[in-house]
Amino acid sequence: MNWPVVPSRLLQRSNLPRSRGHSSHTYSAPTYSAPTSSVPTSSALVGTRSFLSLPMMSVALLLLTGCSAILLRPHAISVSEFSREKDVIHFMVSIEDSTQEQDFYRWSQDHIQENNFQFENPDHEGVPLYELHYHFRKRGGRFRSQRIAYLMWRRSEASPYRFEHKLTYIGSGMPLRSGRSW
Amino acid sequence: MVSRIANTLGAGSGSRTLQSLLIAVLLLGQCGCGLLYKHRVETAVGTLWTNGNLQLARQYQEDLRWMKEGLQQVLPNNSEGIGSTSILLVQNDDDRIIHEDQIRTAGWYNHTFSLIRFTPTPPAEKLLLQNQPDPEEHRTLLHELAHHFTSDDQRIRSTWWLAEAIACSLEISYLDPQGKFQVPPLHPMQYQIARSALSNLGRANFTKLARQVISENWLGFYRDDGDLAKRYAISWAIFWTLQGQQQGTLEQRLDAVLKLEDEQIIEQIPAVIQAITPAIQTQLQQHLEQDHHRRWAIDQALRGYRIHGPRILEAIDLELASADPEGHAWAWSSATRLLLRPRSRLDRVTRNDWLQRIEQQLVSGSLEVKLAICTDFPEYRWASTLLPRLIDLLESSDGNLRSAAAAALSRASQHPTIINPHFWKFAPESERAVEVSDWRSWQQNQ
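So the protein sequences, as listed, match chains A and B. Under this note's numbering, residues 1 to 182 are what the first sequence spells out, in order. Under this note's numbering, residues 1 to 446 are what the second sequence spells out, in order.
Only chain A is shown next, with the shape it has when bound in the complex (with noise of 0.2 Å):
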């Protein structure tokens, strides 16, 4: 029995264009979209296979699709920073819908490796970044939100040019500290 072949590049990222905004404290964070434009049409299989492939197939296209939906990072819909030391940074990231503790790892490694910020400091030039930290919120109803998620990463001493994830704590009960040192 032939099953239809997943082309293993669906399993991976897609390389589509990212939208990013910038503004001085506020900017739309990179999102990953599901590579749904790489799916193949099912007419294109059907017309290679008997119609009994039809059910298999479908079996294809849900583990398609559920693979590419373990792929996805939470989508931001803001991300917004503030800072009262000079290396640490701490961003608010406001989320759609709840997603896998793993994927606000996922989420912040990007945004730490896309702003480049082993190397770089956005608002104190010459600075290396020593603590990141992460606030993720999900949207409620009538603009009000609630914290799900916060992440810690920092420095780390034994690879100075890399951070560190040194935890996640999954809940609204984390108190948001006023930026201060650990």
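None of these hints come from the bench; they were simulated from the model. You may find that some hints are simply not true.
Unchecked claim - Taking lysine-lysine and the DSBU-like style, the derived pairs with C-alpha atoms no more than 35 Å apart in a straight line are:
1) K138(A) x K166(A)
2) K38(B) x K68(B)
3) K259(B) x K230(B)
4) K259(B) x K208(B)
5) K166(A) x K68(B)
6) K425(B) x K166(A)
7) K259(B) x K180(B)
8) K138(A) x K230(B)
9) K230(B) x K180(B)
10) K208(B) x K230(B)
11) K166(A) x K230(B)
12) K166(A) x K38(B)
13) K68(B) x K180(B)
14) K68(B) x K230(B)
15) K68(B) x K259(B)
Stated by the list, open to error - If you want a taste of the chain B side facing chain A, the calculated C-beta under 10 Å gives, among others:
16) R96
17) I97
18) I98
19) H99
20) E435
The C-beta atom is built at its ideal place from N, Cα and C for all residues, glycine as well.
Once you have looked at the hints, place chain B on chain A.
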């Protein structure tokens, strides 16, 4: 028997399975946990096994020595002839993720296999709690060890509430500055949980729950119904009240409690209610005057929401009168935590007087005292009189002190600074001078 079974074909395969199983069990028994765990560390109480951090295991190796000696000292009869135990030190991969409201099993003890399994406080949680004075790292291990030291007594082993109450009473033990094992007079956390249960349930329902706790079997006591913490606290409160009514050493009082029948214990529930009615601060104040528990009582009292500052300052002054340099550093850091906080009931004169004394220490105190004050300097906005002294310390010749002063300034002021300890410890003086100059300019503009 084995050869007869082997005569038939079917039984032959069964026998082979049985033999393999026996060999596997024998091998496991022979090799112990060596098949499952990478590291084996011999300790004073038995072998410690772990797949995690060997350095942490060695740290516990040291701790287990004083824990064993301490438990032997307070429970000489119970610990007589006590065998060794195996300790499984578990460190999870997701130690850096903390889930709100998730209750994890920190440890357990199995008497049949003489086995302790415990999970130390994850690094992430320590980071979260680092500004608290006592992250209670030893608590779980000491709790399970207390079970091991009391489990030979059938009366304790078969009474779940009592086994947990005794372990809870001993888990908060600590080594005092003289290296003496001390069992604190009460368990503040359990006291507060029990008191809160009394307040929420009322006397009648609290009495009902306490009666249930006393008569619960294993499944009933340990069931995960959201009230487990309450059952532990009520057990502790009952034992604490009953042993408080007895005379003699801890072990003698324990023996006296063990002789009580269930009905006699139930009769004492009103006394338990009466014992846990006063506020925790009132309970702690009784111990501020006792030399051997004073530091413990001050530490616990300072954690309260509303505290009686003048009484605690008197106790701190008594500690300052001692000649112990480590004690001085501890006392000054406690005084800093007390003065730089709200709801301490201190009048302006006393507050200003003590602030001057702290300022004086930041100028001319020992390195240990300065470090202790900076390290425990709280996030408090009304400490402006001390900020100039902290700025001076940024130019200290000691890197650790510079780093601690920067962290203290970061917590106490709105002015942005560099908090990376590496910068304050190792950056060239010229670079640090730029930052210090920034602080001085800010100070002049205030």
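Satisfaction of the R96(B) interface hint, Cβ to chain A closer than 10 Å:
It holds, given that the least Cβ distance between R96(B) and chain A is near 5 Å, below 10 Å.
Should the hint that E435(B) touches chain A count as held when the rule is a Cβ pair under 10 Å?
At 8 Å from the nearest chain A Cβ, E435(B) passes the 10 Å test, so the hint holds.
Would you mind confirming whether the straight-line C-alpha gap from K166(A) to K68(B) stays at or under 35 Å?
33 Å, holds
So, as I understand it, the hint says I97(B) touches chain A; can you test that by seeing if any CB pair is closer than 10 Å?
5 Å, holds
For K68(B) and K230(B), compute the direct alpha-carbon distance and say whether it is at most 35 Å.
28 Å, holds
Would the pair K425(B) and K166(A) pass a check requiring their Cα atoms to be no farther apart than 35 Å?
22 Å, holds
Is K138(A) close enough to K166(A), meaning Cα to Cα at most 35 Å?
Distance ~22 Å between K138(A) and K166(A) Cα, so the pair holds.
Given hint K230(B) paired with K208(B) - CA-CA distance at most 35 Å:
Within the cut-off at roughly 13 Å; holds.
Does the alpha-carbon distance linking K230(B) and K180(B) stay inside the 35 Å limit?
Judged against 35 Å, a Cα distance of about 31 Å means the pair holds.
Between K68(B) and K259(B), does the CA-CA distance stay at or below 35 Å?
Judged against 35 Å, a Cα distance of about 26 Å means the pair holds.
Distance restraint between K259(B) and K230(B), which requires alpha-carbon spacing of 35 Å or less:
25 Å, holds
Given the hinted pair K259(B) and K180(B), is their Cα-Cα distance within 35 Å?
Status holds; Cα separation ~30 Å.
Of the numbered hints given earlier, the model fails none.
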